[in-house]
Structures are given as C-alpha cells and as structure tokens.
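Number of protein chains: 2
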Amino acid sequence: MQRRDFIRHGGIAGILAAGAAPAMAQSQPSVTWRLTSSYPKSLDTLVGAADNIAKRVADATGNKFQIKVFAAGEIVPGLQVLDAVQNGTVEAGQTIMYYYIGKNPAMGFGAIVPFGMNVRQHNAWWYQGGGSELFNDFLKGYNCQAFPCLNTGTQMGGWFKKEIKTVADLKGLKFRVGGIAGAVLQRLGVVPQQIAGGDIYPALEKGTIDAAEWVGPYDDDKLGFAKVAKYYYTPGWWEGNAPSVMLVNQKQWEALPKDYQAVFAMACGESNTVATARYDHVNPAAMRKLIAGGTQLRSFSRDIMDACYKAAIDQYAEWGEKFPEFKKLHASYSKYLEEELAWFRVAEGTYDNYMSGRASRKK
Amino acid sequence: MQRRDFIRHGGIAGILAAGAAPAMAQSQPSVTWRLTSSYPKSLDTLVGAADNIAKRVADATGNKFQIKVFAAGEIVPGLQVLDAVQNGTVEAGQTIMYYYIGKNPAMGFGAIVPFGMNVRQHNAWWYQGGGSELFNDFLKGYNCQAFPCLNTGTQMGGWFKKEIKTVADLKGLKFRVGGIAGAVLQRLGVVPQQIAGGDIYPALEKGTIDAAEWVGPYDDDKLGFAKVAKYYYTPGWWEGNAPSVMLVNQKQWEALPKDYQAVFAMACGESNTVATARYDHVNPAAMRKLIAGGTQLRSFSRDIMDACYKAAIDQYAEWGEKFPEFKKLHASYSKYLEEELAWFRVAEGTYDNYMSGRASRKK
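Residue numbers (numbering that gives the first Met the number 0), protein chains in the order written: chain A, 0 to 362; chain B, 0 to 362.
What the hints contain is simulated information worked out from the structure, not anything from laboratory work.
Where hints are given, some of them may not hold.
List of simulated lysine-lysine pairs, DSS-like, C-alpha gap at most 25 Å [stated by the list, open to error]: (1) Lys-54/B to Lys-40/B; (2) Lys-288/A to Lys-54/B; (3) Lys-67/B to Lys-164/B; (4) Lys-173/B to Lys-226/B; (5) Lys-67/A to Lys-160/A; (6) Lys-160/B to Lys-40/B; (7) Lys-229/A to Lys-205/A; (8) Lys-288/A to Lys-309/A; (9) Lys-257/A to Lys-40/B; (10) Lys-229/B to Lys-170/B; (11) Lys-221/A to Lys-170/A; (12) Lys-161/B to Lys-54/A; (13) Lys-288/A to Lys-67/A; (14) Lys-67/B to Lys-257/A; (15) Lys-226/B to Lys-54/A; (16) Lys-54/A to Lys-63/B; (17) Lys-161/B to Lys-63/B; (18) Lys-160/A to Lys-257/A; (19) Lys-139/A to Lys-173/A; (20) Lys-334/A to Lys-67/B; (21) Lys-257/B to Lys-67/A; (22) Lys-257/B to Lys-257/A; (23) Lys-288/B to Lys-309/B; (24) Lys-257/A to Lys-334/B; (25) Lys-205/A to Lys-161/A.
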C-alpha cells in the first residue's frame, strides 16, 4: 500500500470506526495507526524497532491491525512526539521521555535519570515494582500511556577533544549533552549545548563545542565523531539504561479491541528484549573498530563521578520541592534502586566481574 | 472451562483441525494446546510465567487459541518434557535445556554452560548472533524448537554446611548440583548428587549431602535451606544466566496459523523480559530476609573460581571431541561471549561497579 492511500484510509477515522466494533467479533476489524518516531531513518537500531513492532502487530492480526511508521520530521519534528500523541495528531509515537523534562522533570522516570538504574533494574521497577503504574498515572495528564520498547543499555560518556582529568576541567566546557545531565553538569560549570544529531559533527569539527555525547559505539561511529574528537569517555552516568517507549493516545487505546491491545503490548514487550539484544550485538564490533582507528578510551575519575553524583542529588532535591510529581516518582525510584543494587552486587556483579577479569587476563 | 472438558475438546486433534484452516481466515480457528512444565506449581516465578503466556495468547486471539498449563508430574515428570514434546504427547512444554545433556551435552547451549553468558549476552547471542538458528537447527533432530521465556539471572552458588576455603575443600564434597556443573566439579573431586527439589531439604538436614544449590534467594528461601546450612555462596558460576524455554513440537508449530505463530512467539518474547523482571523484583527482599535470619554470605575464592574455570574448559574440550554438535555450538557461543565481555566491561561494567560501590559506601 502506498503511504498516501494509507493516510487516506487510516488515521483517526479508521480507528474510531474499528473501536465501535466488538472486540471479540467473528471477523477482526481493520485498524490503521500512524506512529511518529523521534528518531531519523538512519538510526536502524531505533526506528528499526518501531518497524519490527509494526510488522509483528500485522503478522499477529492477519494484517488487520496496521501501523505505519514515520521517521522524525515526516509528520512532526522528533522532539514533538509527545505533543502529537497527546493531541491525537497520531495514534502512537516512539520516543524517550527525558526529551520532555521541560514540561516536568518527572518525565525523566519514564526513561532514566543520572545515576539511575541499569536495564534489568529498570525493567524490574517498571513491570513489577509499580513503576509502570506510577508513571502512566502521571502520563494520564498528557492523554497517553507508555510501553517500553527498546533499551540501549548503559551509554557512553561521550567524545572529548581534550582529556578531562579533574572536576575543574569541567568548568566552561561546552558539552553537547541532553536534558537532565545538562542540568546536573551546569552545577559544575559545564555549558550544556542542545544540538540535533546531524549538527554535532560540524560543531565538534569547528570547535564550537568541546565535547559531545550521543549513544554508544554503534550509533556514534555512524556519526563519525572519532574523526574530530580523540577521547571517548565511559560511563555515561546519566544513562545507566535508556529505554525508548511507545506512547499511545489514551482515547485511541480505549477504542482499540481488547485482543489488539494485547497484541500491541506484547509486541512492545518482545521488542524490549530483542531490540536491546540488537544493541548488545552491534556495539562490540563498533567499539573494536573505533579503538583500532585510534580512539582513546578513558574512564571518568572517581572524583568526577562523585562530584557529578552529588550535583545530581542536589538537583533532585530542588526539583522535588518544585514538582510534586517528581518527588513522588523519585521516592519510588530511588528506594527501589537501592534495594536492587544491594542484590545485584551479590550474584550478577560478582559473576560479571570475574568474567570480565578473566577476559582481560587472557590478553 | 474444567480441565476435563479442555482435554476432551483439545489436544492434538484440536490443533490438527485448526491447522487445516487458512491462517488469514475471516474468523479465527479454535486451537487448544497442552503445555507441560518441568516445574512444580509452588514455584510461582517459573510456572507463573507459563500461566501468563497462556493468558496473553488467549487475550490476543479473543480466546480462540487456548493453552492449558500442567505442572510437573501432572502429565509427565518434570525431566521428561523434551520427550513429551518430541513425541507429540503434548504440543508444548516449559523446561530448561540443560536437563537433557544426557542425550547430548550440546543441549546446554539452549540454556547455559559454566562460565557462560549473563542475561543480556545470552539474549544478544540468541536473538541477534545466530544462537537461535544454530540451536533450533540442532533441535530439529528432536522434532521441536525452543523459545526463551524467562531468565532467573545469575544464580547463587548454593548452601554449604561448612565453609569452602580452598580447592582441596571440594574433595569428597557431596554436593547436590545439576548436570554440567556436576560434570565439571567431579573433575575436582566433588561427588555430585542428583536430587529433586523437594528432597533436598531432608538430605541436607540428615547430612546425606554437604551442600546444595537450587536457584537464588527467592526460590531457595521457599525451600527453607537456611535452616539446615549456614553458608550461602556466590556466584553460581555454572548459571551466569538461566533461560527457561517454551518447547514446541515442530509439526504442531507448522500446523499453527501464521498469526497464532506470531502471537505465541511474541508472548514468549514479552515474558522473557517480564518474568526476568519478576525474579529481579523478588530476590532483593528474599536476600535481605535470609541475611537478617543469620545466613552467612560467602564468595568463592579466586583460586576456586580459577580451578573450576580450568575444569570447565577441559570438560568442553572432551565433549567437543565426542559430540560434533557440541563443538559447533561451543565455537559460536564462546567466540561471541569473548566479544560481549570486551564491550560489557567498558560501559555496563564500569557503571555497575560505580553504583555498587556507592551503595556500599553509604552504609
């Protein structure tokens, strides 16, 4: 089907008609949704997950429930996905919630906050620890709900033209870095820069900025940062995990037959494993390639990490006073994280460290 | 529906009739499957995942595709799930593949081998690194295929009545420990014991055995081991992750309408995230409870870990010579693991260690 036909036949009219049919009808109703992504087509790990979800949903419904995926900018710009879903411009969107901390910093808990959880811990909190209920309750104010659909894992700390050895080196640093991390780093003298993905490379090249973070080896390599910045820092302490979500307009969700609701939710849940596996599959080779090409790997010092941690805690206290939603979500999140950390260091951490040590001793 | 009715109306006859209908029929065909689990009803984290999958499949098909879950022993004993699926006694089964290493040690790669992958690494290999294709190609010889459906994460090293401080302490130790780990530990003088879950406690109490491993804090606490063994060791190096799978009889799979195939596979994929999250949710509190009750947490020493690692490598070399399927799967698995380890230590490992350190410094 051509996109033009799709739009003509589908969209909101399509789903409203479908929603009128009983969920358990003998023959399934036809439903078409438009899904707008925050990501450009070039990021196959991200938009690819949305494409896969659309395909799974079609396969599971004998092609009766069709989701057409649009990349960033095709319907609305990448940072306006929440608004587009909230307003019903589209039925669904793929995005990451920290893009919207300008509306309320509590949005961060639908994604990640600095010194937050890793992938497993986030999934535990979200699916079992009340995170999904708490966050989606908050999202009701925006007429939508969120389904995690992929996770990059812990991201890298970004590309730096010069080494950052002490906390003092952060002063005046022009660093392309996203939302919450920007707010935290500003407390330590960093000048955070908001620059769209495609514009980072020239800014680094010209020296308009001193450093930039994006995702991890695979995505970063695509944007070519290694050619204009030598030092690659780890870890991205602002993204211990980074879950993208599918946002669904609440009215459209309620109009959806129950069986299609189950299919959609399952497709997101499956993708949350498989698309994360895709990142874990492509990153090792990309990292090897970067190192072979001369990239210098560096770790943030303990002093820098501790200073950033303290700045994050101060930031959370400030936001907690201003935003009751932030305070409520932060209380649940941080208590849960503490319990998870106490357990993860016993079995997972001990095992991972032994295996990591073995691998390095072999070389 | 009563179980009796279900069996009468369902089973293999049901699915064969359903398979004859075209996949994209206007009204969906009714299909009923029986699924036998390797686990007892009491293990809600394990059998619960099968129940959830059955519910999701029913929800997503307007109750047309029904899966009835039977606990271990209701149709066949827990260790005969592969045979029951292979022979068509049931359409599907929930199990963990290392139960079947007596048939061929290559079965281990459908689950875990000592000093193998963690959860994320296994998922990357399985879904993206060719693992699923390789293993399911091997399973064709058993008329079935496997879908991972839940993961316990890294397991604990078990309960010991006395401390194990040196490699010499392993000599003569009567240790209730499963398949591959048993074979590896035997090389170091351990006398591995095969004892069903419910019989471990009395054996430990009477001193018939010196030690026993089961899963992790939540499941172990249920069986009460803390009352009869004081030392709880970490990590379970034989289970860096432990993925249970849904096995499906190949003929039944091929007879299944395409949309039901997609629904079933998605339900397993979703569960692989959600049921793992369930383990990560329940283990922290169970660990706290055990420690508060007097359990002494111990780590296996580096010397013991290294000796076990060497024994495992020797065991793999032996099996590789005898079993070409083991050799082929081991080659893929071990090369992949090496690449994953090199990457995971850069971002995930650095981040996890910092967070773990912070949590312990706070106390």
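Lys-221/A paired with Lys-170/A [C-alpha distance capped at 25 Å]: 29 Å, violated
Pair hint outcome, Lys-205/A versus Lys-161/A [Cα-Cα no greater than 25 Å]: 14 Å, holds
Pair hint Lys-67/B and Lys-164/B, alpha-carbon separation not exceeding 25 Å: Outside the cut-off at roughly 47 Å; violated.
Hint consistency between Lys-161/B and Lys-54/A [alpha-carbon to alpha-carbon, up to 25 Å]: 55 Å, violated
Hinted pair Lys-54/A and Lys-63/B, Cα distance within 25 Å: The hint holds at about 22 Å.
Holds or violated: Lys-173/B to Lys-226/B, with C-alpha atoms at most 25 Å apart: With Cα atoms ~18 Å apart, Lys-173/B and Lys-226/B stay inside 25 Å; holds.
Hinted pair Lys-288/A and Lys-67/A, Cα distance within 25 Å: 35 Å, violated
Holds or violated: Lys-257/A to Lys-40/B, with C-alpha atoms at most 25 Å apart: The given pair, whose Cα atoms are some 29 Å apart, is violated under the 25 Å limit.
Lys-257/B paired with Lys-67/A [C-alpha distance capped at 25 Å]: 21 Å, holds
Given hint Lys-205/A paired with Lys-229/A - CA-CA distance at most 25 Å: Distance of about 15 Å is within 25 Å: holds.
Hint consistency between Lys-161/B and Lys-63/B [alpha-carbon to alpha-carbon, up to 25 Å]: 54 Å, violated
Restraint check for Lys-257/A with Lys-334/B, where alpha carbons must lie at most 25 Å apart: Distance of about 44 Å is beyond 25 Å: violated.
Violated hints, listed in ascending order, are 2, 3, 5, 6, 8, 9, 11, 12, 13, 15, 17, 18, 19, 20, 23 and 24; each of the other numbered hints is respected by the structure.
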